[in-house]
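A.B. asks: Here's the letter readout for the chains.
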Amino acid sequence: MSAPLLDIDGIVVDFSTRAGDARVLDHVSLDVAEGEILGIVGESGCGKSMTALSIMGLVPQPPGRLTSGSIRLAGRELVGLPESELCDIRGKEIGMIFQEPMSSLNPVLTVGEQIAESVRLHEGASPRAAMARAVEMLRAVEIPEADLRAKAYPHQLSGGMRQRVMIAIALACRPRVLIADEPTTALDATVQAQIFDLLQDLQRDMGTAIVLITHDMGAVAELADRVAVMYAGRVVEKGAVGTVLSDPRHPYTRGLIACVPHLEPDPPAVRAPLLEIPGVVPALTDLGRGCAFAPRCGSRIARCDAEKPPLEAMDGGHLTACWVARA
Amino acid sequence: MPLARILLTRIGYGILLLLAVLVLNFTLISIAPGDIADSIAGDMGGADASVIAEIRARYGLDQPFLVQLWRYMAGVFRFDLGYSYFFETPVTALVLERLPATLLLVVSAQVLAIGLGVLLGVMAARNPNGALNTLVTFLSLFGFAAPVFWTGILLIIAFVSIFPIFPVGGMRDVTVEGGWLAQALDIAHHLFLPMITLASIYIALYSRLARAAMQEVLGADYVRTARAKGVPERTVLYKHALRNALGPVVTVAGLQFASVISGAVVVEAVFSWPGLGTLALQSILARDTPTIMGILFFSSLVVIVFNILTDIVLRMVDPRIKGG
Ligand SMILES: Nc1ncnc2c1ncn2[C@@H]1O[C@H](COP(=O)(O)OP(=O)(O)OP(=O)(O)O)[C@@H](O)[C@H]1O
Ligand SMILES: [Mg+2]
Numbered sequence: 001m002s003a004p005l006l007d008i009d010g011i012v013v014d015f016s017t018r019a020g021d022a023r024v025l026d027h028v029s030l031d032v033a034e035g036e037i038l039g040i041v042g043e044s045g046c047g048k049s050m051t052a053l054s055i056m057g058l059v060p061q062p063p064g065r066l067t068s069g070s071i072r073l074a075g076r077e078l079v080g081l082p083e084s085e086l087c088d089i090r091g092k093e094i095g096m097i098f099q100e101p102m103s104s105l106n107p108v109l110t111v112g113e114q115i116a117e118s119v120r121l122h123e124g125a126s127p128r129a130a131m132a133r134a135v136e137m138l139r140a141v142e143i144p145e146a147d148l149r150a151k152a153y154p155h156q157l158s159g160g161m162r163q164r165v166m167i168a169i170a171l172a173c174r175p176r177v178l179i180a181d182e183p184t185t186a187l188d189a190t191v192q193a194q195i196f197d198l199l200q201d202l203q204r205d206m207g208t209a210i211v212l213i214t215h216d217m218g219a220v221a222e223l224a225d226r227v228a229v230m231y232a233g234r235v236v237e238k239g240a241v242g243t244v245l246s247d248p249r250h251p252y253t254r255g256l257i258a259c260v261p262h263l264e265p266d267p268p269a270v271r272a273p274l275l276e277i278p279g280v281v282p283a284l285t286d287l288g289r290g291c292a293f294a295p296r297c298g299s300r301i302a303r304c305d306a307e308k309p310p311l312e313a314m315d316g317g318h319l320t321a322c323w324v325a326r327a
Numbered sequence: 001m002p003l004a005r006i007l008l009t010r011i012g013y014g015i016l017l018l019l020a021v022l023v024l025n026f027t028l029i030s031i032a033p034g035d036i037a038d039s040i041a042g043d044m045g046g047a048d049a050s051v052i053a054e055i056r057a058r059y060g061l062d063q064p065f066l067v068q069l070w071r072y073m074a075g076v077f078r079f080d081l082g083y084s085y086f087f088e089t090p091v092t093a094l095v096l097e098r099l100p101a102t103l104l105l106v107v108s109a110q111v112l113a114i115g116l117g118v119l120l121g122v123m124a125a126r127n128p129n130g131a132l133n134t135l136v137t138f139l140s141l142f143g144f145a146a147p148v149f150w151t152g153i154l155l156i157i158a159f160v161s162i163f164p165i166f167p168v169g170g171m172r173d174v175t176v177e178g179g180w181l182a183q184a185l186d187i188a189h190h191l192f193l194p195m196i197t198l199a200s201i202y203i204a205l206y207s208r209l210a211r212a213a214m215q216e217v218l219g220a221d222y223v224r225t226a227r228a229k230g231v232p233e234r235t236v237l238y239k240h241a242l243r244n245a246l247g248p249v250v251t252v253a254g255l256q257f258a259s260v261i262s263g264a265v266v267v268e269a270v271f272s273w274p275g276l277g278t279l280a281l282q283s284i285l286a287r288d289t290p291t292i293m294g295i296l297f298f299s300s301l302v303v304i305v306f307n308i309l310t311d312i313v314l315r316m317v318d319p320r321i322k323g324g
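Line by line, the protein sequences are chains U and G. Residue numbering for the first sequence follows our numbering, beginning at 1 and increasing consecutively. Residue numbering for the second sequence follows our numbering, beginning at 1 and increasing consecutively.
By construction, these hints were calculated from the structure, which means they are not laboratory data. Do not rely on the hints blindly, as some may be mistaken.
Here are the simulated lysine-lysine pairs, DSS-like style, with alpha carbons at most 27 Å apart [unchecked claim]: (1) Lys92(U) - Lys239(G); (2) Lys151(U) - Lys239(G); (3) Lys151(U) - Lys92(U).
For clarity, every value in this text was computed on a predicted model and none was experimentally measured.
Produce the complete structure using the sequences and hints provided.
C.D. replies: Next comes the structure, spelled out in structure tokens:
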């Protein structure tokens, strides 16, 4: 594998909250190669969106703060870059799609303008050329009557259409990396499938690397090359999709997979009755010394409560942070 | 619905409203004790009943109420608002002569208040812990607490008595000669203090509104989208956020026009600004009913026109607003 295009190394993000300091991201390391799709999965609140915002340099500050770690795009360090240089990278080198298509578009600007703005900013295009590109992008995301739709306001479009517009905005300047943060959560099932197909097509055409954040293990199995599983601000397992899904080592990953019946690796006869992981994600303000998953874990041993397991290579060819899996 | 039709509906409602205002005013004033005949008799140092009856007959005041109302309304449709006994001029001419001064004061104060208020609000919202935020809070406390006439008098003491840089009152200096530019500058010089005085309350109001609206909008998902596109912060603020935050400010500003006009009455009195306010004061003291009614009519007209304008502006700012 060539040197990674996007290399996230040990980032730590703290939030000061009323209940004390919360470590929202705890030494998260990820990397994405050119043209690759990396899936990030995990329950709500485990830090998936915060990882994405850290890459964009958009962690709300205050109350948040990126305290250490490094994020490199094609070898260039992004952490600590001045705002003006970050503005040049956002939208141009890294595009992002958000979770809520209903509220992520500006209600008082036409969708054409919202796409064209980015083209004007990053490529210095004339207003006409930028609008022409906007229409072209709307066509690329398969919106019918693109030239008419460019003049529409977001409230005149359906949720699926709006998410297509978001994709068009994110890809307008042909970024090298696209971060898609749960791009289909708010959409109904058939539209979800369409959006995933679209992302896959665009990825093939443009060669964009994608960081795909999702709850949808099925989508990860289908689209991603590699996957990272996050829990309570940490990456607990990562590796090639094939090995992680067929041979999950972390009990949390096993639980996640068991929640999606058709993905379960074991034959149905021996399937555990577990259809959801018991308990809830702990508060990030008091995580204790041990493994954050230990309180909910069926296979926990004494060491789990005492020490945080490091992320280490397993014989299956992927990385896992679990004392039990290591033993 | 197309904009033209919405506008026509609005104008139609406006005319109906204006008629209702006229009838109501007329009724209220007829109910109030005393009329011009009493006032004239008072000026003459008392008069006997036959003289008073003669005056009433001359001005049609002896007719039944409905006849008087009918005559008045018929006149209004010919843009004839009656005759002022006190100023000895037709009311329409009298009011139209004073209206521009009031409009100048009201509009310039509103523009200043909206402009400065929104600017302060935006800057305060951007930095919730900054000094500007404290300034907005202070200004709004001051603006809401200080009566207009008091602010006016304070400004006169400061900038007329102690530092004599502004004239004490009036609208122009008869000794100023020169072309329109010199005249305009002279009017601006006279306008400054009354405008600031009238704007002060509203700067407080609009800056608070703009700050609250901006704080909410800055947390919106589409602002995050704009940032993720690499839009520089200034453009995020003034293009993406402000246009969304402007709605509440414009709405309230439109609703405030009536109160700005009544504020102008006080300000005009303090600065002897030759507008409708000073005219209203004089005609009320003289019980000059036709003039009072004329002023009320024109102020209602102005308020209605500005409400329609507000509606148009709102529609330009926010494409989601539909229908009438
Ligand atoms: N402004 C904030 N102040 C304090 N804590 C915050 C703030 N924003 C996010 N967090 C915390 O950061 C953690 C990670 O949030 P994040 O949005 O990254 O979760 P997520 O994995 O994307 O979840 P979801 O699947 O619901 O989108 C959460 O536990 C959340 O409570
Ligand atoms: Mg999220």
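A.B. asks: Give a verdict on every hint.
C.D. replies: Hints and how they fare:
no.: 1; hint: Lys92(U) - Lys239(G); result: 20 Å, holds
no.: 2; hint: Lys151(U) - Lys239(G); result: 18 Å, holds
no.: 3; hint: Lys151(U) - Lys92(U); result: 23 Å, holds
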